[in-house]
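Enquirer: The lines below spell out each chain.
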Amino acid sequence: METGPASAMPERRTLKDPGGARPVFLNPLKVHLPVTATVSLAHRISGLILVLALPFLVLALAASLDAEAGGGGWLPLLKSIGGRICLLVFVWSLAHHTAAGVRHLLFDAGIGTSYPRARSSAWTVHAAAAIAVLAAAAALAFGARA
Amino acid sequence: MKASLGGVRPWVLQRATALLALAFLLYFLLHLAIAPPDSHAEWRAWILSPLMRPALVLFVGAVALHAWVGTRDVILDYIKPLGLRLAALCLLALWLGATVAGAISALNTSS
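Chains as they are written, first to last, in our numbering: chain W, 1 to 146; chain R, 147 to 257.
The set of hints was computed from the structure by calculation and includes no laboratory data.
Note that this is a predicted model, so its numbers are computed, not measured.
Note that CB positions come from ideal geometry on N, CA and C, so glycine has one too.
Treat the hints loosely; a few may be bogus.
As the list claims (entries may be wrong) - Partial list, computed: chain R residues near chain W (C-beta under 10 Å):
#: 1; residue: L168
#: 2; residue: L171
#: 3; residue: H186
#: 4; residue: W189
#: 5; residue: P196
#: 6; residue: L202
#: 7; residue: V206
#: 8; residue: L211
#: 9; residue: H212
#: 10; residue: A213
#: 11; residue: G216
#: 12; residue: V220
#: 13; residue: A244
#: 14; residue: T245
#: 15; residue: A252
#: 16; residue: T255
This is chain W alone, in the form it adopts within the complex:
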């Protein structure tokens, strides 16, 4: 034991016990992240989802080129409720990753780097991804084709 009981040293603050007597715990669900941080986090998550999706996209491409009617055995799978959810998750990932990526490239070019503008462009990225998902959901719901 390096540190004694908190009551004995109320003023002592160390790396292990930064709050003195107060318990310190960080609940990731209760920590308020600024919107710029949520875009950064979502950029990583969407990127990982896209990486996971890559081989399946190639399989879908191969199936679309092979099968006579296009799609072959894939269509019923995609049209199932699970397939539709996967599709929407993919659309969100692609839209979010692309929009956030463009935002990054603009930063690299020195555009929009002030904090207020970075904040508003972060909201734009979230909004663009949400709109893409809504559009895809509408297309899935109302697309009577095939």
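Using the hints, position chain R against chain W.
Expert: Okay, now just chain R, sitting in the frame of chain W:
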């Protein structure tokens, strides 16, 4: 070791491949929106056309490199034990390699 894990080269690679993928994606989606293929034969003819085939291979290659740099960064951030880290990087390399090989073989079907 450190020089191969950081520095300006992966940074440039990440941006260059992002721009390539973005350009292809814009073209692909615009083409689908403006002139969607009406039939399976038309879809095949478009995807397997002499310009589209190499463009797709280039796109898949750029995306694989981009995914390598990005996922490697995530792995290095969150997986600290060396053995696990190497295993994750190997798995990633296999995953992306299979993607590229699969895409090339899918596009190699005679048109």
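Enquirer: Could you run down the list of hints and mark each one as holding or not?
Expert: Here is what the structure says about each hint:
1. L168: Because about 7 Å separates R/L168 from the closest Cβ in chain W, which is inside the 10 Å limit, the hint holds.
2. L171: At 7 Å from the nearest chain W Cβ, R/L171 passes the 10 Å test, so the hint holds.
3. H186: 4 Å, holds
4. W189: 6 Å, holds
5. P196: For R/P196, the interface hint is violated, since the closest Cβ of chain W sits about 15 Å away, which is over 10 Å.
6. L202: 8 Å, holds
7. V206: 8 Å, holds
8. L211: 12 Å, violated
9. H212: Holds, about 9 Å.
10. A213: 5 Å, holds
11. G216: Holds: closest Cβ of chain W sits about 5 Å from R/G216, inside 10 Å.
12. V220: 6 Å, holds
13. A244: 6 Å, holds
14. T245: OK, holds: R/T245 within 10 Å of chain W, min 4 Å.
15. A252: Interface hint status for R/A252: holds (4 Å vs cutoff 10 Å).
16. T255: R/T255 check passes; min Cβ-Cβ to chain W is 6 Å, inside 10 Å.
Of the numbered hints listed earlier, those contradicted by the structure are 5, 8.
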